[in-house]
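Engineer: Listed below, chain by chain, are the residues.
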Amino acid sequence: MWRYDKKLIYPVRVSKPDPMSASIIISQLGGPHGEMGAATRYLQQRYSMPYGEIIGVLTDIGTEELAHIEMISALVYQLTRNLSEEDIEKGGYAPYFVDHTTGVFPQAASGFPFTTAELAVSGDTFADLHEDMAAEQKARLSYDNILRLVDDPDVKDAIRFLREREIVHFQRFGEAVRIAQDKVNARNFYAFNPSFDTKAANRIESCK
Amino acid sequence: METLDNRRTETRQESAGCSAAMTCEEKKALLREIRVCTFALIEANLFLDTHPDDMKAMAFYREHMAKLERLKKQWEDCTGERFSADGSRWNWVDTPWPWQSHM
Numbered sequence: 001m002w003r004y005d006k007k008l009i010y011p012v013r014v015s016k017p018d019p020m021s022a023s024i025i026i027s028q029l030g031g032p033h034g035e036m037g038a039a040t041r042y043l044q045q046r047y048s049m050p051y052g053e054i055i056g057v058l059t060d061i062g063t064e065e066l067a068h069i070e071m072i073s074a075l076v077y078q079l080t081r082n083l084s085e086e087d088i089e090k091g092g093y094a095p096y097f098v099d100h101t102t103g104v105f106p107q108a109a110s111g112f113p114f115t116t117a118e119l120a121v122s123g124d125t126f127a128d129l130h131e132d133m134a135a136e137q138k139a140r141l142s143y144d145n146i147l148r149l150v151d152d153p154d155v156k157d158a159i160r161f162l163r164e165r166e167i168v169h170f171q172r173f174g175e176a177v178r179i180a181q182d183k184v185n186a187r188n189f190y191a192f193n194p195s196f197d198t199k200a201a202n203r204i205e206s207c208k
Numbered sequence: 001m002e003t004l005d006n007r008r009t010e011t012r013q014e015s016a017g018c019s020a021a022m023t024c025e026e027k028k029a030l031l032r033e034i035r036v037c038t039f040a041l042i043e044a045n046l047f048l049d050t051h052p053d054d055m056k057a058m059a060f061y062r063e064h065m066a067k068l069e070r071l072k073k074q075w076e077d078c079t080g081e082r083f084s085a086d087g088s089r090w091n092w093v094d095t096p097w098p099w100q101s102h103m
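Heads up: the sequence lines are chains C and U, in that order.
Mapping of the first sequence onto our numbering: residues 1 to 208, in sequence order.
Mapping of the second sequence onto our numbering: residues 1 to 103, in sequence order.
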């Protein structure tokens with residue numbers, strides 16, 4: 001279960017509206033490398049993961065991604081506050097505005113709505129963990145590209161925090177791969193799929 | 001291969017407020033109490049969102065917050081299992097996950 005903490009994981013304080021930046025940054029909410037996909041991917045990979053340490057990593061990083069969803073949403077919200085009709089047209093925000101006004105809808109910068117088609121829950125320990133490492137690198141590169149495109153130091157500060165978290169998460173997933181490798185056949189990591197081929201993974205604890 | 005299961009048996013009985021090891025049924029009953037208290041807090045929290053001036057609800061909420069703290073401490077002292085962390089080893093990663101247990 002989860003409980004809500006009424007604070008952002010890192011402060012978002014944007015004073016200048018900028019719909020152009022908002023329409024780029026929104027990709028990290030509902031785009032192919034976005035935080036909504038990250039949270040969904042990690043939290044849903046937990047059930048087929050056989051090792052406690054790695055379920056812990058997936059739980060904690062998945063939970064942190066929920067907090068990142070809120071940060072990106074706060075950025076989009078603050079960048080589109082108090083817009084005039086002229087701001088909307090000049091900032092290229094009209095195609096978004098026509099359907100969503102200034103609500104925060106999970107979509108890619110291209111306008112493509114959030115989809116789980118861009119994430120994987122393969123049910124294979126090593127395939128899932130390598131997917132996760134790649135996902136962290138893809139999020140990192142999207143943040144790098146956002147940093148190339150936006151100028152506002154307040155926006156950059158929040159984006160830099162998120163970019164650094166991707167690097168830390170990549171590191172933890174790398175360690176998760178090593179932990180999993182230590183638990184399987186050292187001569188052939190792929191001799192079996194520990195998510196599926198062992199009974200221990202499917203055990204339910206109960207009173208005798 | 002080291003599995004989750006053989007490490008799960010190594011839970012320790014430490015310190016305060018717990019004379020003997022809890023039976024499985026006692027653990028189940030205490031967990032139920034924690035769950036009931038947590039759910040009461042969720043309901044009170046939600047009720048207070050739409051009734052922010054209700055002092056009776058506020059008192060109920062505070063009382064159950066304190067009760068939950070006590071129950072969680074009892075669980076941790078008596079079972080050696082942590083909801084979050086442990087002293088010598090982060091045994092949060094060793095105990096069963098909610099979907100691995102019928103408790």
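The set of hints was computed from the structure by calculation and includes no laboratory data.
Computed from a prediction, not measured in an experiment: that's the story for all the values here.
Possibly wrong hints are sitting among the right ones.
[Claimed, not checked] From the derived model, a few chain C residues whose C-beta atoms are all more than 10 Å from chain U: (1) MET20; (2) ILE55; (3) ARG81; (4) ARG140; (5) GLY174.
[To be verified] Quick list of in silico lysine-lysine cross-link-like pairs, DSSO-like style, CA-CA up to 27 Å: (6) U/LYS56 / U/LYS72; (7) C/LYS16 / C/LYS90; (8) U/LYS67 / C/LYS7; (9) C/LYS16 / C/LYS6; (10) U/LYS27 / U/LYS56; (11) U/LYS56 / U/LYS67; (12) C/LYS6 / U/LYS73; (13) U/LYS67 / U/LYS28; (14) C/LYS6 / U/LYS72; (15) U/LYS28 / U/LYS56; (16) C/LYS138 / C/LYS156; (17) C/LYS183 / C/LYS7; (18) C/LYS16 / C/LYS183; (19) U/LYS72 / C/LYS7; (20) C/LYS183 / C/LYS6; (21) U/LYS72 / U/LYS27; (22) U/LYS28 / C/LYS6; (23) C/LYS6 / U/LYS67.
[As the list claims (entries may be wrong)] Facing chain C, according to a computed beta carbon distance under 7 Å, are these residues of chain U, among others: (24) CYS37; (25) PHE39; (26) VAL93; (27) ASP94.
Note that CB positions come from ideal geometry on N, CA and C, so glycine has one too.
Engineer: Run the structure past the numbered hints and jot down the numbers of the failing ones, going up.
Structural biologist: 2, 10, 15, 17, 18, 20, 22, 24, 25
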